[in-house]
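So the sequence lines, in the order shown, correspond to chains G and S.
Just so we're aligned, residue 1 is where the first sequence starts under the working numbering, counting upward by one.
Just so we're aligned, residue 537 is where the second sequence starts under the working numbering, counting upward by one.
No lab work stands behind these hints, which were simulated from the structure alone.
Just so it is clear, CB atoms sit at the ideal spot from N, CA and C, and this is done for glycine as well.
It cannot be assumed that every hint is accurate.
What the hints assert, rightly or not - To spell it out: a stretch of chain G is covered by chain S in this simulated footprint if at least three of its residues, at any positions, have a beta carbon under 8 Å from a beta carbon of chain S; those stretches are:
no.	region
1	25-33
2	81-94
3	122-131
4	370-384
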Amino acid sequence: MANTTSYPKTEWYTLHRNGPHKLKLLQITRLEGQATIPSAVDCYNDAALEMQRLIKEALDNNHGFRAYGSRWSMSSVAHNKDRMHYNAYMNLSFPILPQDMHSNANYDSTNLYFFQCGNTVKEISQVFEKNGKSLKVSGASNGQTIAGCISTGVHGSALNEGSVQDHVVGINLIIGPNPEDIVYLERHTKPALNDAFAQKFNARVIRNDGLFNAALVSLGSFGFIHGVVVEGEDLYLLKRYVRKIDKKVALKLSETMDFKNTDFKIEGETDANGKGKTPYHYKVFINPYIDDGKYVVELMYKKPHRSSYPDPFTTIDKSLYRDVIHLLIQISRKFPKSIPWFIKKLQKQILPDVNEESLGTLYETFWDAPYKGPAFACSFGVDVKDCAKALKVLVDLTKKEGPIPGIYAMRFIKKSDATLSFAQFPTTCMIEIDGVLWKESKKLISLERFSKRMIEVLQQNNIPFTIHWGKNSSWNFPGLVDYMYGDKAKTWKSYRSALLSKDMQKLFSNDFLEQTGLSESESDDIDIPEDLIVSL
Amino acid sequence: MKFSQLPLRLLGFCIMMLLFQSCYSVRLVSTKGTPMPDQHEDEELAEAKLGDFYKDKMFTVVKKAIPASVFTESIQFPIDQTNCESGKLFSVEYKNTLGGSLLYLATFGGKRKVKITYVCMKTERQ
Chain G
1 MANTTSYPKT EWYTLHRNGP HKLKLLQITR LEGQATIPSA VDCYNDAALE
51 MQRLIKEALD NNHGFRAYGS RWSMSSVAHN KDRMHYNAYM NLSFPILPQD
101 MHSNANYDST NLYFFQCGNT VKEISQVFEK NGKSLKVSGA SNGQTIAGCI
151 STGVHGSALN EGSVQDHVVG INLIIGPNPE DIVYLERHTK PALNDAFAQK
201 FNARVIRNDG LFNAALVSLG SFGFIHGVVV EGEDLYLLKR YVRKIDKKVA
251 LKLSETMDFK NTDFKIEGET DANGKGKTPY HYKVFINPYI DDGKYVVELM
301 YKKPHRSSYP DPFTTIDKSL YRDVIHLLIQ ISRKFPKSIP WFIKKLQKQI
351 LPDVNEESLG TLYETFWDAP YKGPAFACSF GVDVKDCAKA LKVLVDLTKK
401 EGPIPGIYAM RFIKKSDATL SFAQFPTTCM IEIDGVLWKE SKKLISLERF
451 SKRMIEVLQQ NNIPFTIHWG KNSSWNFPGL VDYMYGDKAK TWKSYRSALL
501 SKDMQKLFSN DFLEQTGLSE SESDDIDIPE DLIVSL
Chain S
537 MKFSQLPLRL LGFCIMMLLF QSCYSVRLVS TKGTPMPDQH EDEELAEAKL
587 GDFYKDKMFT VVKKAIPASV FTESIQFPID QTNCESGKLF SVEYKNTLGG
637 SLLYLATFGG KRKVKITYVC MKTERQ
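Construct the entire structure; sequences and hints are all you get.
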């Protein structure tokens, strides 16, 4: 039997020390060993029963219950004040065989894998790689668990691939303590696996596009995500280039995504007519305190995989003393004008080296995050056509009401089908500022105030935007979710209300959902069609 | 702060910098495999002692002062299986401290302080 240990707690922090958040009980489940339960399917089902037991226990105690993985989100989206469950040891994985496929499936079974919730991006990449496959996209690093990734919309900057959740084709949820509360969701227009596969996991199948799209970016509140089916592709390499280019050119590329008709070219990355190729990945780095008319940009081009290529892990990593970072933050609280100076000094640690080039798989390119100390990140999604304007507005704010210890970057994502994905625009430009977490002082604006001002200036300039669910923001800003998502937020709430009982809506809610108005039950206000979540 | 205290503070700063430099570590990290995760009971203490690298990782510290002699060529420690279900290593760190160097000097090489921190790979089941 899977074994859960419960630890009484008083507080909980995110990985990057955002918090403290109140907590009563931390629960950690370990799978039963292979010697006791040799079958991986039996082990998975055994873990499902254990999760249902924990859900029942939370319900009986009138507690909330929320699972978390690597706690990389900086917002409180993963937090529950009552009970939190650490998923990281739940890392089973299953290949999908031809006999598991739905008769109308349009997927290659060799590209599909079923992963239990606690598998990290790194583990998933390794499972794929052993079979000559790769994820299509990941975030900037590899430590997030798959359930956390899709719940908050983790993205990279792969121009034509979308976010991590866009490559999930099936979701196994536990939505309550009863046998019928194990469900397997797919899109009815894009079925992947047959009912027999789902039945191995005792799951009730619901094929419904609307429900699936709502449950994809669920903010952890559509039930316990026990497993997901992920689509990969044949293993490939990424050739990475870092260049410093004219900022007007960098912004033009960001606004148009037109890499063909630009003077900026990378040798060897042009077509037969000498025109630039569209890269797999494009990222722009912006130090708001230096304007030398140039930006550092990072581009990656997809290449066929080959077994022999130079080892991409050849550099020696030196880490900074935590105390040095702490000291710099203390100095900046008293002397905010020193922030631009110390960002310049830390530039080598923060920005990639100009003219750096590397070749590696996705797994090797987006490797372990080097810094796990106190950090903040604010990230806004805007339509690419607004990206230069939005960047100027935010950089001006940072210079005028800051400075704050961080630098900006822009990444780009294709529109997602997920109802509450922040990749809402045809191509969304994610403008993000990342840096070291600081405390307010008389001379230094607080993160809370700065986050609020970012929202205000974008609204004042009539720039439609979304916000990354896992990043810092003024999440209780009045009408924020309605401004960002309008009717889509109502649709999402309707599907949640239709799938979960009243008790389970409450159990899987949290302060974050309440702050954003997403925990309100739609069933109280509107009639939810009876057939909203039927299997189609 | 009085002006006369400035040289003392500068001296203190210089000594601190020297101590920092006499204390270094070298870490071997596997480029394949995933570290065994953990949620530490006292996270702040673990971070302060060992740094961010060990955050959310299950680690074991081997800390011993070992006698050395002309007959000792190498020393071997078995991996503690209770914290290493996979039996595979993800990272190994050797740390040299000022105290370790002083002990070595004071005992004319007779005693060596060893501090090794290792992390195992996450258990896999398929």
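Hint-by-hint comparison with the structure:
Check result for the region 25-33 of chain G against chain S: holds, 3 residues qualifying (beta carbon to beta carbon below 8 Å, three or more required). Using a Cβ-Cβ cut-off of 8 Å, 7 residues of the region 81-94 of chain G lie near chain S, which meets the minimum of three, so the contact claim holds. As drawn, the region 122-131 of chain G meets chain S at 4 residues by the rule of a beta-carbon pair under 8 Å; at three or more, the given contact holds. Beta-carbon proximity to chain S at under 8 Å applies to 3 residues in the region 370-384 of chain G; the threshold of 3 is reached and the given coverage holds.
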